[in-house]
Amino acid sequence: MPTTIELSRFLASNEKALVGRDNGESYKKKLAAAGYDIDVLEKAADKTVLIIPAEILTMNKSFFLGLFELAVQHLGAAGFSQKFEIRASDYIVEKIPDYVQAALLRASQRDILGA
Amino acid sequence: MMATPRLLRKIERKRFFRRIRSRLKRRLRRGGRLRAAAKTKYRLKPVDPYDRIRFRAHHKGLEFRIVKILENLSYFENPFETSVFFESLQVALSKTTPFNLDISHKTTKRLGLAESFLFDQLIKQHKARWDARRIPVGVKGTISDVKDVNNFLLSFGLLKELGIPPAKFAATHLDPDYEKKFVTHKSQGSSQQSTQKGIASVALIEYFDNCLRVNGFQMIPKAKGDLINAMGEIIGNAEEHSGNPNNEWHALGCYNKDTHRCDFAIINYGRTIFETLSDKQSTAVDVVKDIETVLLAQKEWYEKLTKLFGDKFKFAPHQEEPLWNVMALQDGISSKRTAGGAVGNTRGQGLMDFLGFIDGIKTEGTAELFLLSGHSLIKIDYEYPIAKHAVGPNKEMRRFLAFNKQGDLHYLPDNEKVIYLRQKFPGTILAGSFNIDQLYLTKKFAKGT
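These protein sequence lines are chains A and B, in that order. Heads up: take any position in the first sequence, counting from 1, add 24, and you land on the working numbering. Heads up: take any position in the second sequence, counting from 1, add 125, and you land on the working numbering.
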C-alpha cells in the first residue's frame with residue numbers, strides 16, 4: 025500500500041512556486057513532523073506518492089535538493105524513481121530527471137577548480 | 126474687584142521668571158551654555174543636540190546642495206564613476222548637519238534599475254533621518270533632457286517615490302503614456318519567511334508576462350516556469366550570503382514597452398560573496414586560496430590594475446575579491462557545500478543555473494548582466510561563453526565561465542569584465558537586462574482584441 029502525501033496540506037497561502045533549498049528543507053521537517061519522514065520513507069518497503077497540487081506552477085532544483093538530496097543519493101536514480109512518485113503538472117514532472125541527476129553530481133570543489 | 130498688591134507682586138514675579146526662562150531657552154537653542162544651577166532654577170530640560178539646528182532651519186531655512194546625477198549611472202557601462210558617485214553621496218549624506226537636496230538629472234542619459242533603487246534608498250534614508258529629528262529636509266530637482274529617463278523616473282524612480290505628479294512637467298519632457306511604457310514591479314522579503322522568495326519570483330515573472338501581453342505576446346509555460354526557477358535560485362543565493370535572517374532582499378523588475386526589454390535586479394545587503402567564501406567556516410576557502418595563488422602568480426592582471434589605480438591599488442583592501450567571485454560563479458562551488466554523503470553536498474549550482482538560463486532565453490547580443498559584491502564587479506554579456514568540461518574521477522560534466530579566451534580558470538580573467546572597485550558595496554546585487562527570444566513567446570492576441 026503506497027504512502028500518499030498531499031502537499032496541499034502543507035502549503036503556505038499564496039504559494040505558487042516551490043523555491044529554495046531552505047524551503048525544501050523546511051518542508052522536509054514539516055512532513056517529518058506530520059509522520060512523513062522522507063529519510064524513513066526511503067527505507068520503507070512501500071512506495072511513496074507525493075501529490076503536488078495543480079496550482080503549483082513550478083518546483084526549482086534547490087527546493088528538490090533540499091527535500092530529496094539524500095534520498096536520491098542513497099537510492100540512486102532508478103531506486104529513487106521506484107520508491108518515490110511525484111504527481112504534479114507535466115512541467116514539474118519533466119524536470120525531475122534533471123534534478124535527480126543534479127543530486128548525483130559528486131565532483132569535489134577541488135576537482136571542479138582543478139586546484 | 127481690585128487685585129491686592131501682594132497678588133500683583135506675585136504676577137510680576139511670574140512674568141519676570143517666564144521672561145528670563147524664555148531668554149535662557151533661546152540662548153541654549155543658539156548653542157550657548159548655562160550653569161547647572163540656572164538650568165535647575167528655570168526648569169530647563171536637557172538640551173536636545175538638534176535644537177539649535179531645528180531653530181536655525183525654522184528661521185533661516187536649510188541650504189540647498191546640488192546632487193548632480195552622472196550622465197551614465199550604470200554599473201555595467203560606467204562602473205568606476207558609478208561606484209565613486211555612490212560612495213561620495215553616502216559620505217555627503219552622512220554629515221551631521223542637514224541640508225536640502227537639489228537633484229539634477231539634467232545631463233543624465235542612462236539610469237540603471239538597481240542604481241536608481243540604490244540612489245532612491247539613500248535619499249529616502251536622508252529624509253527619514255532628519256524627519257525623525259523633526260527637521261524636514263526639502264528635495265527639489267531638475268529632470269533630464271532625455272524623455273526615457275524622465276519616463277523611468279516617473280514610473281519607477283525618485284519622482285514616483287516622492288509622489289511628484291507628471292502634470293508638473295511639460296509634455297515635451299516625457300511621454301504621455303509613460304506609465305504604460307515603463308511598467309515596474311518591486312517586492313521584498315528575508316530568509317525569515319522561506320516561502321517568500323517563491324511568491325516574489327512568481328510575482329516578478331507574472332509581471333513580465335503581463336507586460337508582454339500588452340504587446341500581444343505571452344511566455345510559453347516552460348519559459349515562465351524556468352524563469353521563476355531561475356529567479357528563485359538567485360534570491361535563495363542572496364539570502365544565504367547575507368548571513369543575517371533579518372537582512373532584506375529586494376526583487377525589482379522593469380519592462381520597456383517600446384524596446385521590449387526586461388530589466389531585473391536582486392539586491393541584498395549584508396555579507397559579500399567574498400566574505401562568505403573566505404570565512405573560516407567556508408568549505409571552499411582552501412581550494413579557492415590555492416587557485417588564487419596560481420592566478421596571482423600571473424602578474425599581468427595585477428599589473429593592469431596597478432596601472433589603472435596607480436600606487437593606491439597596492440594598498441587597497443581585498444584586491445583578490447574579483448578572482449574569488451569568479452570562482453563563486455562556477456558550477457558546484459559554495460561556501461556551504463559539504464562532503465559527499467552529507468546534507469548540502471550538491472550546493473553551488475544555482476548561480477550557474479541562472480546564468481545558463483538567461484543565456485538560453487535571451488535574444489542574441491542583448492543580455493547585459495552584472496554581479497556586484499563588495500569590491501568586485503563582474504560583467505556578464507556572454508562574450509565568453511559558458512563551457513562544459515568533464516571533471517573528477519567520474520568525468521561528470523560541469524559548467525564553467527572563466528572570462529578569458531582560454532576558457533580556463535587557471536588563466537587570468539579579462540579585466541574589462543572582472544573588475545576591482547575601490548569602493549565597497551555592502552552586499553550583493555545581481556542585475557541586468559535582456560530581450561526574450563521570440564522562441565520563448567507565443568503570439569497571444571490578435572491586434573485590437
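Be aware that a few hints might be false.
Heads up, simulated BS3-like pairs for lysine-lysine below, C-alpha to C-alpha not over 30 Å straight-line [to be verified]:
| id | chain 1 | residue 1 | chain 2 | residue 2 |
| --- | --- | --- | --- | --- |
| 1 | A | Lys53 | B | Lys185 |
| 2 | A | Lys54 | B | Lys293 |
| 3 | B | Lys252 | B | Lys432 |
| 4 | B | Lys272 | A | Lys67 |
| 5 | B | Lys432 | A | Lys40 |
| 6 | B | Lys347 | A | Lys71 |
| 7 | B | Lys405 | B | Lys293 |
| 8 | A | Lys40 | A | Lys53 |
| 9 | B | Lys150 | B | Lys185 |
| 10 | B | Lys164 | A | Lys40 |
| 11 | A | Lys40 | B | Lys166 |
| 12 | B | Lys231 | B | Lys414 |
| 13 | B | Lys382 | A | Lys40 |
| 14 | B | Lys311 | B | Lys530 |
| 15 | A | Lys54 | B | Lys347 |
| 16 | B | Lys311 | A | Lys40 |
| 17 | B | Lys234 | B | Lys220 |
| 18 | B | Lys193 | B | Lys234 |
| 19 | B | Lys185 | B | Lys135 |
| 20 | A | Lys53 | B | Lys461 |
| 21 | A | Lys107 | B | Lys461 |
| 22 | B | Lys231 | B | Lys220 |
| 23 | B | Lys347 | A | Lys107 |
| 24 | B | Lys414 | B | Lys542 |
| 25 | A | Lys53 | A | Lys107 |
| 26 | B | Lys432 | A | Lys53 |
| 27 | B | Lys166 | B | Lys135 |
| 28 | B | Lys231 | A | Lys54 |
| 29 | A | Lys107 | B | Lys520 |
| 30 | A | Lys67 | A | Lys54 |
| 31 | B | Lys293 | B | Lys311 |
| 32 | B | Lys135 | B | Lys164 |
| 33 | B | Lys382 | B | Lys311 |
| 34 | B | Lys382 | B | Lys347 |
| 35 | B | Lys265 | B | Lys150 |
Don't read these hints as lab results, they were simulated from the structure.
Of the hints stated earlier, which fail here?
Of the numbered hints given earlier, those the structure breaks are 1, 2, 3, 4, 5, 7, 10, 11, 12, 14, 19, 26, 28, 35, listed in rising order.
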